[in-house]
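Participant: The lines below spell out each chain.
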Amino acid sequence: AQRVTQPEKLLSVFKGAPVELKCNYSYSGSPELFWYVQYSRQRLQLLLRHISRESIKGFTADLNKGETSFHLKKPFAQEEDSAMYYCALRFYNQGGKLIFGQGTELSVKP
Amino acid sequence: SQTIHQWPATLVQPVGSPLSLECTVEGTSNPNLYWYRQAAGRGLQLLFYSVGIGQISSEVPQNLSASRPQDRQFILSSKKLLLSDSGFYLCAWSLELGGFNTEAFFGQGTRLTVV
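Which chain is which? The protein sequence lines are A and B, in order. Note that the numbering used here has the first sequence beginning at 45, numbered continuously upward. Note that the numbering used here has the second sequence beginning at 6, numbered continuously upward.
Hints are computed from structural coordinates only; laboratory data are not their basis. If a hint is listed, it holds; no wrong ones were tucked in.
In silico SDA-like pairs for lysine to any residue, Cα to Cα no more than 20 Å straight-line:
{"id": "1", "chain 1": "A", "residue 1": "LYS66", "chain 2": "A", "residue 2": "SER99"}
{"id": "2", "chain 1": "A", "residue 1": "LYS53", "chain 2": "B", "residue 2": "GLY46"}
{"id": "3", "chain 1": "A", "residue 1": "LYS53", "chain 2": "B", "residue 2": "ARG47"}
{"id": "4", "chain 1": "A", "residue 1": "LYS66", "chain 2": "A", "residue 2": "GLY102"}
{"id": "5", "chain 1": "A", "residue 1": "LYS66", "chain 2": "A", "residue 2": "GLU111"}
{"id": "6", "chain 1": "A", "residue 1": "LYS53", "chain 2": "B", "residue 2": "GLN43"}
{"id": "7", "chain 1": "A", "residue 1": "LYS117", "chain 2": "A", "residue 2": "VAL63"}
{"id": "8", "chain 1": "A", "residue 1": "LYS101", "chain 2": "A", "residue 2": "GLN122"}
{"id": "9", "chain 1": "A", "residue 1": "LYS53", "chain 2": "B", "residue 2": "PHE93"}
{"id": "10", "chain 1": "A", "residue 1": "LYS101", "chain 2": "B", "residue 2": "GLU108"}
{"id": "11", "chain 1": "A", "residue 1": "LYS101", "chain 2": "A", "residue 2": "GLU149"}
{"id": "12", "chain 1": "A", "residue 1": "LYS109", "chain 2": "A", "residue 2": "SER70"}
{"id": "13", "chain 1": "A", "residue 1": "LYS53", "chain 2": "B", "residue 2": "GLY92"}
{"id": "14", "chain 1": "A", "residue 1": "LYS153", "chain 2": "A", "residue 2": "MET128"}
{"id": "15", "chain 1": "A", "residue 1": "LYS53", "chain 2": "B", "residue 2": "ALA44"}
{"id": "16", "chain 1": "A", "residue 1": "LYS53", "chain 2": "B", "residue 2": "ALA45"}
{"id": "17", "chain 1": "A", "residue 1": "LYS59", "chain 2": "A", "residue 2": "GLU124"}
{"id": "18", "chain 1": "A", "residue 1": "LYS53", "chain 2": "A", "residue 2": "GLN146"}
{"id": "19", "chain 1": "A", "residue 1": "LYS66", "chain 2": "B", "residue 2": "GLY46"}
{"id": "20", "chain 1": "A", "residue 1": "LYS66", "chain 2": "A", "residue 2": "ARG134"}
{"id": "21", "chain 1": "A", "residue 1": "LYS53", "chain 2": "A", "residue 2": "SER151"}
{"id": "22", "chain 1": "A", "residue 1": "LYS53", "chain 2": "A", "residue 2": "MET128"}
{"id": "23", "chain 1": "A", "residue 1": "LYS53", "chain 2": "A", "residue 2": "VAL63"}
{"id": "24", "chain 1": "A", "residue 1": "LYS53", "chain 2": "B", "residue 2": "GLN50"}
{"id": "25", "chain 1": "A", "residue 1": "LYS117", "chain 2": "A", "residue 2": "LEU107"}
{"id": "26", "chain 1": "A", "residue 1": "LYS66", "chain 2": "B", "residue 2": "ARG47"}
{"id": "27", "chain 1": "A", "residue 1": "LYS66", "chain 2": "B", "residue 2": "GLN50"}
{"id": "28", "chain 1": "B", "residue 1": "LYS85", "chain 2": "B", "residue 2": "SER25"}
{"id": "29", "chain 1": "B", "residue 1": "LYS85", "chain 2": "B", "residue 2": "LEU16"}
Only chain B is shown next, with the shape it has when bound in the complex (with noise of 0.2 Å):
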């Protein structure tokens, strides 16, 4: 079956320090992989998606940046943390099977604190 990993769960940083969160699928291949931020009253907000290795659509200009470097893992940075990064960052991912999209499967999140 297939499962999706985040890590860290916590995570208290200083402001500018340097940031990279996490997130691995196992028991698929060539997932669609997202990055999502949980902010208080704001919803979920799409920050990152990619649909194959080297691939990342940035979905709103901030201080964040992600990478895959694999097939299956997908990686949030950032170079100088801001207090504004703070939230709970949230990894997902579906398939696309013959043009159809499988729902999206969340992992349990990452609860950073920028101090």
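Chain A with its partners taken away, still in its complex shape (with noise of 0.2 Å):
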């Protein structure tokens, strides 16, 4: 079955510390995957796209197909950061729905 796993619900980084926010996805064809972040009382809103290889406020995330991950790293961490993550998984000829895991709070402390 097509899922997408992030393993934690809450991590917790002092500033300045690096973070890695860790994505698994169980996909049968060729995945495309996405980190979407919502900040206190904002809208959800995409962060990254594994096709784009770029790289947005600090955070970088490279899709490895043998591990079947899309992990989310940041060098150092800044209090800003501090929000919920999602990562998600695009379907091919499904009206392009994402399915989404279940989130990682992250908090920066200072």
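Once you've looked at the hints, go ahead and assemble the two chains, each given alone in its own frame, into the complex.
Facilitator: Okay, structure coming up:
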């Protein structure tokens, strides 16, 4: 079955520490993966997508097909990074629907 | 520019009452539309998606239904609400352009509490 798994519900780090939010997926086709972020009192919004291969707000994520992972990383966390992060997998030919992981709440302490 | 509107922002309804949540998209045409529910500890669950007027795909069996009476209007309904229908409901849209899908854009959401 196709699914996205984020094993950590809560990740708490200190400012300046490295961050890694884990995401694993199960998909029979060629995956298209995303990270979405929801800051307090704001809409869920796209952070980055694997096909773009870009760094957004210092975050990067590399698709590892061998390990079926798409972990989100940042070398030095900032307090403004505190938010809810969701990993998502897009299905082809099904209206572009996305399925999401359970989400990881990142808390960056001063 | 494109925008998405959801209303109401919050709703408190008694068990057994009907539900109608509305979502509209402006500034684009023929979007793919989605309804998600965000429940505590369960992440974002896809409920329905639609690729065109009158075309609804249901992802999970439940007490809810969806309709798309117009190109940019997506409605989530229930005839009789259950306590378990409480949650945060999000509408979203994306575009399919030549086989390529844009990112999904989300509304502000509706907080539904069934009492």
